[in-house]
Amino acid sequence: MATHQELEPGGHAHPGAKEYVAVAVVLAFLTSIEVAVYYIDYVRPWLAHMLLVLSAAKFFLVAAFFMHLKFDNRLFSSLFVGGLILAISLGISLLALFHNLFV
Amino acid sequence: MEHAVASAHAAEHEHETSTGLDNRKLVMWAFLASDCLFFGSFISTYMIYRGRSPTGPCPHECVLNGVHYEGIFSIPYTSVSAFVLLMSSLTMVLALAAIQRGDHRGLRVWLLATALLGSVFVGGQYFEFTTFYHHGLSLSVNLFGTTFFVLTGFHGAHVTVGIIMLLSLLLTSLLGRLPASDSLTVELTGLYWHFVDVVWIVIFTVVYLLPA
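The listed protein sequences correspond, in order, to chains A and B.
Heads up, the final residue of the first sequence is numbered 103 in my numbering, and it's a clean run with no missing numbers.
Heads up, the final residue of the second sequence is numbered 315 in my numbering, and it's a clean run with no missing numbers.
Chain A extracted, bound-state conformation (with noise of 0.2 Å):
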């Protein structure tokens, strides 16, 4: 069957159904690891952590697969990445600016 995908200069073609499928399903399984963390005691030490990191997976999938960030140009990428790293430095220095992390 045709496909009205036009590739861009630098990107590759998308997934398929079965790619968006099996994406979904590992993030559903990522966000029930979420909410099963949270009401384990014994990993509560580590538990930012540990949700710290299983968002970053979660958006880290959505951004690369559904976003078509892994297979669109690169400048797309770095667009992104730019607004997404002025933001947590702008959360690093609100919250160093109010807690007086350096101080």
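Every clue listed holds true.
Here chain B is said to cover these stretches of chain A; the calculated rule only asks that three of the stretch's residues, wherever they fall, bring their Cβ under 8 Å from a Cβ of chain B:
no.	region
1	47-61
2	83-95
Chain A side only, calculated, beta carbon under 10 Å to chain B, not exhaustive:
no.	residue
3	A17
4	S32
5	V37
6	Y38
7	H68
8	D72
9	N73
Result set (DSSO-like, lysine-lysine): computed pairs, CA atoms no more than 27 Å apart in a straight line:
no.	chain 1	residue 1	chain 2	residue 2
10	B	K128	A	K70
11	A	K18	A	K70
12	A	K18	B	K128
If you're looking for bench data, these hints aren't it; they were derived computationally from the structure.
Fair warning: this is a prediction, and the values are worked out from it, not measured in the lab.
The beta carbon of each residue, even a glycine, is placed where N, CA and C say it ideally should be.
Use these hints to put chain B onto chain A, whose structure you have.
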């Protein structure tokens, strides 16, 4: 008539740029990058004032000035909402895959499914907000209420805008004005929708699950 069609085709090909990339897609990514800062500010503000409210209600169980407050969050409820929004990202990307292979029926089914899942999420958020309000949490009662409602409220507004975009696409498709060659329109809407999803991935972790 033929001249009009020819002009329309010519206009379609006028998007050639020095980068070889479609400007509309570049602009959407630039917008999403700027929206990162928008939500980054709100999430940072929530984290700065987290645990600094002199009075309840609190997100999780707490004691403030000798008064005990039950936690206001329902993690199982919000987990289901998060799952619903996550699955709407799947239906959105399936809608894009459908139009790219010229399957207009599939496109409409998946667009409708995405809009419905988005509506379930927004409806759930409305229920959550009203429940919190009845438990004494308002926009001005404490720092938690202010930062929580502003952050999640703006996210809910983004989801609502996304639903309107999805329904507009669905209507355009039903009117026969969304040819397979115009799949970029669906892709751009999808980018916005997935962005709203990734923002919720962060909010769900930072606001609901992360211990104070």
